[in-house]
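Protein sequence lines, in the order shown, are assigned to chains B and L.
For the first sequence, position 73 (counting from the first letter as 1) is numbered 73 according to the working numbering, and the numbering increases by one without interruption.
For the second sequence, position 134 (counting from the first letter as 1) is numbered 134 according to the working numbering, and the numbering increases by one without interruption.
A couple of the hints might just be wrong.
Below, a list of computed lysine-lysine pairs in the PhoX-like style, where the Cα atoms sit at most 25 Å apart [stated by the list, open to error]:
1) 72/B - 39/B
2) 60/B - 72/B
3) 234/L - 164/L
4) 177/L - 37/B
5) 97/B - 32/B
6) 37/B - 65/B
7) 257/L - 189/L
8) 37/B - 60/B
9) 246/L - 189/L
10) 257/L - 60/B
11) 238/L - 106/L
12) 160/L - 257/L
13) 234/L - 246/L
14) 39/B - 65/B
15) 257/L - 164/L
16) 177/L - 39/B
17) 257/L - 97/B
18) 42/B - 60/B
19) 156/L - 177/L
20) 69/B - 246/L
21) 177/L - 42/B
22) 106/L - 160/L
23) 65/B - 177/L
24) 177/L - 72/B
25) 319/L - 381/L
26) 246/L - 65/B
27) 97/B - 381/L
28) 65/B - 238/L
29) 156/L - 238/L
30) 97/B - 65/B
31) 340/L - 329/L
32) 32/B - 60/B
33) 69/B - 177/L
34) 164/L - 72/B
Over 12 Å on every C-beta distance to chain L, these chain B residues come out as not near it, computed from the model [as the list claims (entries may be wrong)]:
35) 30
36) 34
37) 80
38) 104
These aren't lab readings, by the way, just hints derived from the structure by calculation.
Predicted model only: the values in this text are computed from it and were never measured.
C-beta atoms are modelled at their ideal positions from N, C-alpha and C, and glycine is treated no differently.
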Amino acid sequence: MFKPSFFITTLFLSLSWIAAHAQSFDFPDAPKNPQIKEKVVKSCTACHQSAVVVQQRLSKAAWTKEVDKMIKWGAQVDPADRDAFIDYLSVNFSPDKPAPEFPRTDASQ
Amino acid sequence: MISRRDFVRTTSGAIAAVGAMHPLLSWAVDNSYNISGKDRMVVRSSQFLDLEMPPEFATSWITPLNHFFVRNHMLAPDPIDVADWRLNVAGSVEHPLSLTLSDLQKFEQHTVVSIIECAGNGRGFFRPQLPGIQWGRGAIGNAQFSGPRLRDVLQKAGLKDSGKHVMFRGADVVLGKVPPFIRSIPIEKALDGDTLLATHMNGQPLIHHHGFPCRTLTPGWVGSASCKWLTDIKVLDKEFEGNFMKPGYRFPNHPGKPGEAINPDDTYPLTALTVKSLIALPAESQSNNRTIHLQGTAWAGEADITRVELSTDGGSTWKPAKLGHDHAKYAWRLWSYKWKAPRSGDYTILSRATDSQGRTQPATPVWNPSGYLYNTYDQVKIHVQA
């Protein structure tokens, strides 16, 4: 007999598995400034994959240089959001964070 | 209310169900990394495509194409139709040229076996951490490249005496206001008989990821000196001035302590690669029996490898490895060493190479703010069981 609780638990565990295996290239939420995450994602991934950002482990000074370089190179960042971008990136991708796991391509000859 | 027993039963069943679904879920997650012609490569970025060779694949003298690393600074162009493709040769030449692939094939064809290594290979090991692709140990490969010599094409165009540098541009797509990826090499290297306009790699036409239909091969130099999807060659009277010549791809004349600022004017453009070794097997964290066949490669840019040594005691003592027979000027050299571990336990294996210029890999990296030319001893940590 079909048991809703079994289905829901299976779905939950499946989604958790996907999240765990896909999380390496995800941007974390920003509870204190929920909108900034979406702005960072939109600006950064307009040109390159999130992985290019998520693999960095930089100080606030280094993130400041990177954000300013990317703005110079055409990243769409509202000037009012610049400091929040730097704060978000330097909090979430700081030197003390563990390195992300990188996926591999499929097997192919 | 759900009882503890029911919760355990339901969760256990669900875990079993998820386990059964694992291959399907794995496909769902990994399918986005089905990169044509590439086999189990580490995805540092899928856009722009940056793929790293896992070190355990470095056991053959010629790296198979499906294990050769990929480094793109920009968006790869759409696959190029040879009928539409032209290679323009201009600048300080008497007769500018517009060559088809068929034209290139009429020049004398030359073959060179060479490494290509990204200047940033190993960047991920620098401390403090540095911005850029966080390459590990495998942004390197050794392949057989074929095509006309750049020298012959420049001479057909009537190279002028005023030409001092040769600039390359490829068809990769520049987004936003990013400076195009244009670099130049000095005329002496451009006229070297081993610098190629390569149309073939490992005996077959270049694949798209490696620059079809034509790329430069500037052998022994940092990978950025070898331009993919080549469309334009321009002879200049001086070094090209652009972001990827300065501040990009430069090394401090006087490297400082880790984290120290560098004066951009006290730097030089990167050219030849440095001396380096790579332990392919055993792989990191691998469990082994006591008798182990250590294998790997070593390279030194434009110099020859003269010695590879291994240490299993933290660098106190070093034993020479046996160098492989296959040998070419710009190629890597395979090495091997049979080692019997004295007892079971955890070990760190170190390798270091020495070259014909007398350079030996250092114990600590030479820090520089862009994370180039990381070449300290290679190492793997393994477990030995009796």
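Non-interface claim for residue 34/B, where every Cβ of chain L lies beyond 12 Å = Label holds. Min Cβ-Cβ 26 Å, cutoff 12 Å.
Sort out whether residue 65/B lies within 25 Å of residue 39/B, counting only the CA atoms.
-> holds, 18 Å
Do the alpha carbons of residue 106/L and residue 160/L lie within 25 Å of each other, as the hint requires?
-> holds, 23 Å
Agreement of residue 177/L and residue 39/B with the hint, judged by alpha carbon distance not exceeding 25 Å | The hint holds at about 19 Å.
Given pair status - residue 164/L, residue 234/L, alpha carbons within 25 Å = holds, 11 Å
Are residue 164/L and residue 72/B close enough, with their CA atoms no more than 25 Å apart?
-> violated, 31 Å
Hint consistency between residue 37/B and residue 60/B [alpha-carbon to alpha-carbon, up to 25 Å] | Judged against 25 Å, a Cα distance of about 17 Å means the pair holds.
Do the alpha carbons of residue 177/L and residue 42/B lie within 25 Å of each other, as the hint requires?
-> Holds, because 17 Å separates the two Cα atoms, which is no more than 25 Å.
Proposed proximity, residue 60/B with residue 32/B (alpha carbon, max 25 Å) | holds, 18 Å
Between residue 65/B and residue 238/L, is the straight-line Cα distance small enough, at 25 Å or below?
-> violated, 30 Å
Do the alpha carbons of residue 69/B and residue 246/L lie within 25 Å of each other, as the hint requires?
-> holds, 14 Å
Satisfaction of hint between residue 60/B and residue 257/L, Cα-Cα up to 25 Å | holds, 20 Å
In the structure shown, a violation is registered for the earlier hints numbered 7, 11, 12, 15, 19, 28, 31, 34 and 38, in ascending order.
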